[in-house]
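Chains as they are written, first to last, in UniProt numbering: chain W, 1 to 135; chain G, 1 to 135; chain U, 1 to 135; chain F, 1 to 135; chain Z, 1 to 135; chain R, 1 to 135.
All the given hints hold, so there is nothing to weed out.
Because identical chains share one entry, a pair is satisfied inside a single copy or across any pair of copies.
Straight-line alpha carbon distances no greater than 27 Å define the calculated DSS-like cross-link-like pairs of lysine-lysine that follow:
1. K81 x K135
2. K81 x K118
3. K81 x K134
4. K128 x K118
5. K128 x K100
Hints listed in this document are in silico derivations from the structure and should not be mistaken for laboratory results.
Number of protein chains: 6
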Amino acid sequence: MFKPLVKRLLPHAHVSAHCDLPCGVYDPAQARIEAESVKAVCEKYQANEDPEFRTRAMLIKEQRSHLVKEHLWVLWTDYFKPPHFEAYPELHTLINEATKLAGAAGTKGAADPEVADKLLAKIDEIAKIFWETKK
Amino acid sequence: MFKPLVKRLLPHAHVSAHCDLPCGVYDPAQARIEAESVKAVCEKYQANEDPEFRTRAMLIKEQRSHLVKEHLWVLWTDYFKPPHFEAYPELHTLINEATKLAGAAGTKGAADPEVADKLLAKIDEIAKIFWETKK
Amino acid sequence: MFKPLVKRLLPHAHVSAHCDLPCGVYDPAQARIEAESVKAVCEKYQANEDPEFRTRAMLIKEQRSHLVKEHLWVLWTDYFKPPHFEAYPELHTLINEATKLAGAAGTKGAADPEVADKLLAKIDEIAKIFWETKK
Amino acid sequence: MFKPLVKRLLPHAHVSAHCDLPCGVYDPAQARIEAESVKAVCEKYQANEDPEFRTRAMLIKEQRSHLVKEHLWVLWTDYFKPPHFEAYPELHTLINEATKLAGAAGTKGAADPEVADKLLAKIDEIAKIFWETKK
Amino acid sequence: MFKPLVKRLLPHAHVSAHCDLPCGVYDPAQARIEAESVKAVCEKYQANEDPEFRTRAMLIKEQRSHLVKEHLWVLWTDYFKPPHFEAYPELHTLINEATKLAGAAGTKGAADPEVADKLLAKIDEIAKIFWETKK
Amino acid sequence: MFKPLVKRLLPHAHVSAHCDLPCGVYDPAQARIEAESVKAVCEKYQANEDPEFRTRAMLIKEQRSHLVKEHLWVLWTDYFKPPHFEAYPELHTLINEATKLAGAAGTKGAADPEVADKLLAKIDEIAKIFWETKK
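Can you build the whole structure from these sequences, using the hints too?
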């Protein structure tokens with residue numbers, strides 16, 4: 001999955017995509033950056049028992065987890081098309097599970113770096129498919 | 001599909017759902033109300049050639065269409081669970097199509113009441129399944 | 001108050017209203033759904049002493065209470081007109097009290113299902129007037 | 001003009017108010033600043049026929065008008081209390097009219113500096129009462 | 001205290017500025033009002049050990065601190081121009097420090113009225129320069 | 001500048017940064033992705049004279065340009081520290097110019113791909129410094 005990301009940085013590479021004009025610029029990196037942030041917040045939460053810090057961490061984790069969901073929803077609705085869902089029959093379930101992992105049953109509900117790791121792994125699976133479809 | 005909605009208004013009826021605590025309160029009516037608004041905006045757009053009015057209509061239609069997407073995404077990720085997707089194999093596709101109908105290829109891209117009607121019909125199909133699962 | 005809500009579901013019924021084109025689609029159900037969510041969050045808060053859960057509950061209750069206020073403000077400013085305020089002299093006070101019940105002196109300030117019930121009762125009073133004016 | 005700002009910074013000066021803790025800091029200046037912006041946008045709109053500029057102006061005017069509504073709603077619900085409404089029986093109507101003047105029937109619906117002036121005048125009437133109640 | 005507000009409303013008074021049309025209406029008072037709110041929240045936090053209240057205070061302080069940052073960023077990018085930065089070589093650093101004082105190293109990270117006072121003092125330094133450039 | 005981006009994708013690489021806990025995850029790619037979107041929107045705008053499409057393009061360009069500003073402001077305030085500003089004396093000016101290029105005098109004000117290219121070039125200059133400071 002690293003290769004396509006590297007390729008994206010080369011001239012003429014397809015660089016991400018997200019707005020609903022649509023601009024045609026989509027990139028799973030947007031979801032991944034937020035999920036990396038969620039994981040870092042979980043780690044800092046576990047390492048710091050100050051109640052003020054923990055309240056802030058919970059609040060920020062909630063927001064960043066939600067951004068993960070939004071970026072994934074945009075890929076699901078705006079980037080992926082029927083031929084993609086035919087070529088990758090697991091794609092609906094994969095994205096659905098990833099968004100659930102960023103919700104109450106995942107990183108919103110738990111300040112647990114391992115849950116964040118599961119979310120990151122799912123995002124990487126989606127990114128792998130994404131970059132295959134961009135070839 | 002009307003019956004479940006009526007039932008929802010009775011004492012102890014299950015009333016909608018949406019936040020990610022989760023509170024357990026979900027309701028496809030939220031998406032439908034925004035889609036009704038989108039349709040009304042399309043109709044008013046077609047009936048009024050004033051450029052200021054039309055700019056405002058486009059802007060509001062964009063926002064309301066996005067709210068439709070968000071409400072449907074919440075149902076897809078937060079309300080529907082694996083057993084639902086097994087019982088209704090068409091559910092992923094149905095919701096995906098509905099969200100696309102509220103996007104650039106649907107009511108965001110066109111100020112067309114007929115497109116809004118297609119969106120409303122899809123939402124009603126989702127609502128029908130939703131209320132069956134609540135029984 | 002149930003009847004008008006039922007009526008809304010029939011063909012050609014007036015379905016809600018809210019955007020400021022205006023689209024003409026207004027519905028007190030939007031405020032009620034959020035208030036139902038607030039009540040559910042209060043109940044879950046009282047039943048769960050886990051500090052992480054409680055922080056999340058407070059955060060979500062704050063957001064949902066604010067949505068109640070916003071939906072009611074829209075009815076007060078955008079839907080209700082001078083003849084309504086003349087016909088229902090208590091309407092200003094009623095909506096003002098309802099919005100206060102969703103604020104610091106109400107469901108924002110307290111994780112108390114009984115306060116949420118008072119908010120729901122006020123919304124129902126407003127809905128009753130709303131649907132009378134739609135006849 | 002620097003002086004009034006400095007004066008407002010003196011100890012015991014009542015400086016604005018708005019969050020729903022509540023922090024106790026309210027100030028009608030927040031609504032006025034946005035309304036001044038709305039008026040300036042209307043004037044620039046009338047003086048510039050470039051369609052791109054006009055689209056941007058409409059969009060910004062919509063947002064800023066909405067901020068006026070929000071700041072006034074906060075005063076109505078969060079700052080003003082029953083004794084204020086008794087002492088100023090016109091207060092409900094006054095604020096309701098002001099918020100309508102920032103909506104579809106006012107500065108949202110028209111790019112007209114005179115409409116913005118009416119909105120500003122209403123805000124000044126509210127501010128006058130506000131500061132009387134702070135004495 | 002009514003007087004300064006009235007004076008600010010006089011013809012030719014420079015009243016604030018902020019939107020990116022640009023409307024030309026800017027005012028450091030916007031940042032200051034939010035910072036006053038932050039300080040009041042810090043004081044209320046220190047005076048109240050109720051955990052629900054404190055969670056709400058943390059949440060609101062986070063939001064209001066962020067608004068301070070946004071208002072200052074707008075001044076830095078949209079109002080101040082190269083000649084201002086030449087005339088006031090400390091201006092970049094001053095605004096950078098002020099925004100940091102509203103962030104994790106400042107009022108977001110600490111519920112401390114003294115930190116809020118430092119933020120207010122920085123905003124006043126910026127305001128002083130701002131009003132000099134408006135002469 | 002490509003090398004650090006590539007490095008970021010390796011195990012244990014520093015991946016982006018942005019929330020204000022702070023989580024410590026920052027990445028200029030966030031600003032770049034939005035700016036790429038802005039450029040694509042400008043190109044589509046120039047290639048399509050349909051007024052509905054153009055209104056939507058203007059609206060989306062406004063939002064995406066604003067996101068560029070926000071991502072850059074976060075780097076300026078939250079990531080860069082005094083030693084960075086000492087080591088790179090041009091950094092304040094560079095970021096200030098980049099944010100201006102995403103505002104009214106840049107991509108907000110003009111639907112011009114060349115202006116978007118200038119913005120992208122500035123972001124790349126900032127990214128170069130950013131990745132040097134991460135070594």
